[in-house]
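Can you make the complete structure from the sequences, with help from the hints?
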Amino acid sequence: MKMMIGAAVCALTMLSAGAPALAQDTDGDSYTFTISNSSEMAIITFHLASESDSSWSEDLIPDTIIGAGESLDMEFSADADECRYATSVVMEDGTEYAALVDYCDLTGIDISDDQGLTYY
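By the working numbering, the letter at position 2 of the sequence shown is numbered -1, and the numbering carries on one by one without gaps.
Hints are computed from structural coordinates only; laboratory data are not their basis. C-beta atoms are modelled at their ideal positions from N, C-alpha and C, and glycine is treated no differently. Any given hint could be a false lead.
[Said to hold, decoys possible] DEER-style ranges, computed between Cβ atoms:
1. D111 to I62: 29 to 35 Å
2. E55 to D78: 18 to 24 Å
3. C101 to G64: 24 to 30 Å
4. E55 to S27: 15 to 21 Å
5. P59 to M38: 16 to 22 Å
6. S51 to T115: 18 to 24 Å
7. D60 to M38: 28 to 34 Å
8. T92 to E55: 30 to 36 Å
9. E37 to A77: 17 to 23 Å
10. T92 to S51: 28 to 34 Å
In C-alpha cells form, the structure reads like this:
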C-alpha cells in the first residue's frame, strides 16, 4: 500500500474526545468526522482511496483499535479539493466493510454488524 493516497492525503490525526466532529471543507481540503463502532468486534484498520488515485492508503489508525461501542473523532487533510473517497475498515476477524463516502457532507461513519459501513 502506498503511504499517501496519490499525494492526496497529507495527514490524519485523532482529535480529542468531545462533541461529535463534523466533516468540513472550510479551507478546501480538511475533513473532520466521527467514526462509531456499533458492531460486536473491534475496528483494526481504516483506509482511504481518492477517486483520482484508486490505491489504498496505509492504515490511517495504525496505533489505534476502535473497540465495540467506541467512537473516534478523526481529521484528514487532502492536497486536492476532492470530496469522495473509497473508505475501508477491517474488523478484528478480518471482515472488511467498504463504501464510497462523500466527506464534504459527512458528519460521521458508523460500522455495524447488520449494515456494515454507513455514513451520515
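For each hint, the structure was consulted:
Taking 29 to 35 Å as the suggested C-beta distance range, the pair D111 and I62 does not conform, at roughly 21 Å. Range check, E55 to D78: Cβ separation about 23 Å, and the 18 to 24 Å hint holds. At roughly 29 Å, the beta-carbon separation of C101 and G64 lies within the given 24 to 30 Å, and the hint holds. Hint check: E55 to S27, Cβ distance near 19 Å, so the stated range 15 to 21 Å holds.
In this structure, P59 and M38 meet the distance hint of 16 to 22 Å, their C-beta atoms being roughly 18 Å apart. A beta carbon spacing of about 22 Å between S51 and T115 agrees with the range 18 to 24 Å that was offered as a hint. Restraint check, D60 to M38: a C-beta distance of roughly 19 Å breaks the suggested window 28 to 34 Å. Checked against the hint of 30 to 36 Å, the C-beta distance between T92 and E55 comes to roughly 20 Å, which is inconsistent with it.
Remark: the range hint 17 to 23 Å for E37 to A77 is contradicted by a beta-carbon distance near 37 Å. Between T92 and S51 the Cβ separation comes to about 22 Å, which falls outside the hinted range of 28 to 34 Å.
Checked against the numbered hints above, the structure violates hints 1, 7, 8, 9 and 10; every other hint is satisfied.
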